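**Q** Sequence lines, in order, name chains A and B. Under the UniProt record's numbering, the first residue of the first sequence carries the number 1, and numbering increases by one thereafter. Under the UniProt record's numbering, the first residue of the second sequence carries the number 1, and numbering increases by one thereafter.
If you're looking for bench data, these hints aren't it; they were derived computationally from the structure. Take the hints with a grain of salt, since some may be wrong.
Subject to a maximum C-alpha distance of 30 Å in a straight line, what follows is the list of computed BS3-like cross-link-like pairs (lysine-lysine) [unchecked claim]:
hint : chain 1 : residue 1 : chain 2 : residue 2
1    : A       : K257      : B       : K133
2    : B       : K147      : A       : K257
3    : B       : K423      : B       : K400
4    : B       : K394      : B       : K423
5    : A       : K158      : A       : K221
6    : A       : K257      : A       : K128
7    : A       : K221      : B       : K423
Estimated spans, in silico, between C-beta atoms of each pair [unchecked claim]:
hint : chain 1 : residue 1 : chain 2 : residue 2 : range
8    : A       : P202      : B       : S162      : 19 to 29 Å
9    : A       : G286      : B       : P369      : 42 to 52 Å
10   : B       : P369      : A       : R207      : 36 to 46 Å
11   : B       : S203      : A       : L98       : 40 to 50 Å
12   : B       : N101      : A       : R160      : 55 to 65 Å
13   : A       : T64       : B       : I114      : 26 to 36 Å
14   : B       : N101      : A       : S259      : 39 to 49 Å
15   : B       : H75       : A       : L233      : 39 to 49 Å
16   : A       : A118      : B       : S162      : 35 to 45 Å
The structure presented is a predicted model; accordingly, all values stated were derived computationally and were not measured. The C-beta atom is built at its ideal place from N, Cα and C for all residues, glycine as well.
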Amino acid sequence: MTATAPTSQFAHRHLLGIEGLSPFEMTALLDMADEAVELNRQVEKRRTTLTGRTQINLFFENSTRTQSSFEIAGKRLGADVMNMAVGSSSIKKGETLLDTAATLNAMHPDLIVVRHHAAGAVHLLARKVDCSVVNAGDGAHEHPTQALLDGLTIRRNKGRIQGLIVAICGDVLHSRVARSNIILLQALGARVRVIGPSTLLPRGIDRFGVEVFRDMREGLKDADIVMMLRLQLERMNGSFVPSVREYFHFYGLDAEKLSWAKPDALVMHPGPMNRGVEIDSAVADGAQSLIREQVEMGVAVRMAVLEALARNLPNR
Amino acid sequence: MTSRPLLIANATLVDPVAGSEARGSLLIKDGLIADLGPNLNTAPDGAETLDARGKVLAPGLVDARAFLGEPGSEHRESIASGSQAAAAGGVTTVVCTPETNPAIDDPAIVDYLIRRARDTAVVNVHTAAAITKGLRGEEMTEIGLLKQAGAVCFTDGAKTISNARVFLRALTYARDYGALIVHHTEDPNLAGNGVMNSGEYASRLGLGGRPIEAETIVLERDARLVRMTGSRYHAAIITNRDSLEIARRAKDQGLPFSCGTSINHLSFNETDIGDYRTYFKLAPPLRSEEERLALAEALADGLIDIVVSDHNPQDVEQKRQPFAEAGDGALGIETMLSAGLRLVHAGHLGLPKLFRAMSTRPAELLGLPGGRLEKGQPADLVLFDPDEPWVLDKKTLRSKSKNTPFDEARLQGRVFRTFVAGKTVYEYA
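Bound-form chain A, shown alone (with noise of 0.2 Å):
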C-alpha cells in the first residue's frame, strides 16, 4: 500500500463492475489488495489513506459478510464509516432510489458503497451523486469486489490465474458473482467453465465466451478451481430444480466429486454456503477448500478498491 503507484493505474471514479476494466487494472488492483494483505495481518492495521473521507454503505439486501468486509476496509484505511441500516430508513417508507441518493448526496460522502436487488441501480444511483460508488452486488449483474477477492485468492494460491481451468457450478442464472467472475478470470487467462442444470444457466451463455456444461463429471475433468455458487431456497423445490436431493445428487459437490477434478484442485465459494445442498461439509471445511481464505482476501481487496477510488478523488 505505497503511495508509489501512479493513479493512473485506475483511472476511474466508480467501481460498477469488472466489465469496463482492463487487465491491466485488474492485476493492478490485485497487487494493491496483496499488499493490504500483508498490512492485515500486523497488528497495527491502520493507515491514514482516506483519513477525513466519510464511507457510506448503503445495503438495500441484506448482507453480513459484505458489509463489514467493507466497513473493516474503510476503516483500516482511516474512512469516516456510516452502514445506512435500509430496513429501518425513509427507503421502507417508500422513498425512490434517486431521492435517496439525492439525500445522500447532500451529505458530501466521498464514497458510497451500495448493494441494490435490481440489475442496474447501482449504475443509476452513480450518476446522481457527486462522489465515488462502490458496486457491492447489484442485481443478478454484477459483484465486482467477490470477483476481485476471488482472482486474488486463486493467484496467491495458484501463483498465477493464466491458464488456468476454472469451473463455475450450480445457479449462474440469478448470479452476480458468476458474471463477475467470468469477465474477470477470462480477462486475466483463465478458461472458464459454467455447469449446471439448464433451468439455472442464463440464455445464450454459451456466447459469454465460456464452455457450458450439464454434468458435473465432464465439467469438472481437469478443472484447477472449483467455484460453488449458492443456491436460494426458495429456488430449490420444483422452480428451477425438483428438490433438495435431487440437485445435491447431481450438483452437490461432495468428494466423489471433487474427485473428478486435477488431484491438487481448489474449491471456492463466495457464501453464505448451504451445506447439503451446493456443497458437502467435509468438502467445505476440507484440505482442498479456500472458503475461508476468500473471506480474508475480501477485505484486502476492498482496501485496495477503495484506495484505488479514493486517489481519484478532487481534494476540494
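Fit chain B to the supplied structure of chain A, relying on the hints for placement.
**A** Frame of chain A, contents of chain B only:
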C-alpha cells in the same frame, strides 16, 4: 430354466421396419428371436415347431399409455389384470400412467411399481412418472432421479400444464437427462365444463363443448417451447386436422417433436355418443368423422407417430351417471389390435404401417427394446389371424372394469397367441 427353442413355421412375418409382409418362419431361443426368414424351414434339434398356417406373426404391441390402477385404484385395474388384458390384445409392453393415488411422482413409487410388475405382470410393464409434483402443474418432479429409478417418460396424464413457464422449465430441465416429456394438450380453461366435442352435436344434445382450439392452442405453444429448448416432446393424443398441421410444421422444422393419437379417436366419432353413451366420453373428446378420417390418413403417412390404447378402466359407478357427470375414459388395451385392423380392412393402411405405429415407433420413442422382427430382439410377438370375424362380449374382457366402447361390436381379426420373451402369455382357446 431354459425352455426348448420354438420354431414358428409357415407364418406371414410382418416387419414394420422394412415395411414388408412375407411368408416365413421365426425361431425363438432363450427368449430372443434367434433367426427368421423365408428359408428357415427346419427346426434345430430339440426345438418345438408351431405351424402358424399362414397366420400373421408380428412384433408385440407397445402401448405407451395405459392406466393400470396401481397404486390406489386397484378396484378399477391392477397390474396383474391389466397385463392379462394386454396379453389378450397382443400387447407385450405397457407403459402405465401416473394418475394414481398417490401419483407416480417419487422415485420410491417407480421402484415399487417395477417390483410389482416383476412379480405380477405377464407382459413387460414400465412406468411413466409425473412431470409435476402431485400432477398439480406447479413444481417439477425429480426428473433426474425418477429416470434413474426407471421411469421411461414423463407425463401428467390427462392433465395439461397450463402455466407456460412451468412447462418451459420442465422441458428445459428434462433435456439435461434426455427425458421424454409427454403432454396432454388441452387448455383446461378453454375446455371449461365441456364434456364432448364442441359443435352441432353437443348443442343438439344440450351438452357443453370442448373446442378443438383448446387442443391446438396448447399444442402450438408447446411446439414453440420445443423449438426454444430442443427438448424431446411427445403430444399424447391429438385429434384433429389443425393439430396435424401444427405437428407437420414442427416436424418440418426438424424439432424432436412426435405425436400420437388413441385407438378410440381412430375408431369412433362424436356421433357414436348417440343417446348419451358414457363409454364414449373421452378426454380429449371424440371429434367429427372428417377429423377421424384425417387421423387415419396421417397415421398412414407417418405424421402420427404412435397409437396408444389410452386404456382407462372406470368402475360402473363412474360411468352410470348422467353424461356430463360421468368419468372420462374407455378400455382399450385388449381391443387395440382388432380395432387397428379395422383401419387395415378399410384400406387406410397396411399391416407394416399399423405395427410401425403400434410397436416399432413407441419402442423407439421410449427407448425400450422390442418393436422389431430382428435377430437378437426379445421374442415379444403376437400371432394373429387378421381376418377372423368375432363379436366382442364385454363379459369376456380380462380387465377389471368393463367400460369398453366396443361392446357387441363386430370385429375382424383376432389374437391367437402372444409371446413375451419367448414365453406364451396368452393363447386363444
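**Q** Next step is simple, just say for each hint if it's right about the structure.
**A** Comparing the hints with the structure gives:
1. K257(A) <-> K133(B): holds (28 Å)
2. K147(B) <-> K257(A): Cα-Cα ~20 Å, so holds.
3. K423(B) <-> K400(B): With a Cα-Cα distance of about 24 Å, the restraint between K423(B) and K400(B) holds, given a limit of 30 Å.
4. K394(B) <-> K423(B): Holds, because 27 Å separates the two Cα atoms, which is no more than 30 Å.
5. K158(A) <-> K221(A): holds (18 Å)
6. K257(A) <-> K128(A): violated (47 Å)
7. K221(A) <-> K423(B): violated (47 Å)
8. P202(A) <-> S162(B): 19 to 29 Å: For S162(B) against P202(A), whose Cβ atoms are near 26 Å apart, the range 19 to 29 Å holds.
9. G286(A) <-> P369(B): 42 to 52 Å: holds (44 Å)
10. P369(B) <-> R207(A): 36 to 46 Å: holds (40 Å)
11. S203(B) <-> L98(A): 40 to 50 Å: 60 Å Cβ-Cβ, so the 40 to 50 Å window is violated.
12. N101(B) <-> R160(A): 55 to 65 Å: holds (60 Å)
13. T64(A) <-> I114(B): 26 to 36 Å: violated (48 Å)
14. N101(B) <-> S259(A): 39 to 49 Å: holds (42 Å)
15. H75(B) <-> L233(A): 39 to 49 Å: Between H75(B) and L233(A), where Cβ atoms are some 41 Å apart, the hint holds.
16. A118(A) <-> S162(B): 35 to 45 Å: The hint (35 to 45 Å, Cβ to Cβ) is violated, given that A118(A) and S162(B) are roughly 30 Å apart.
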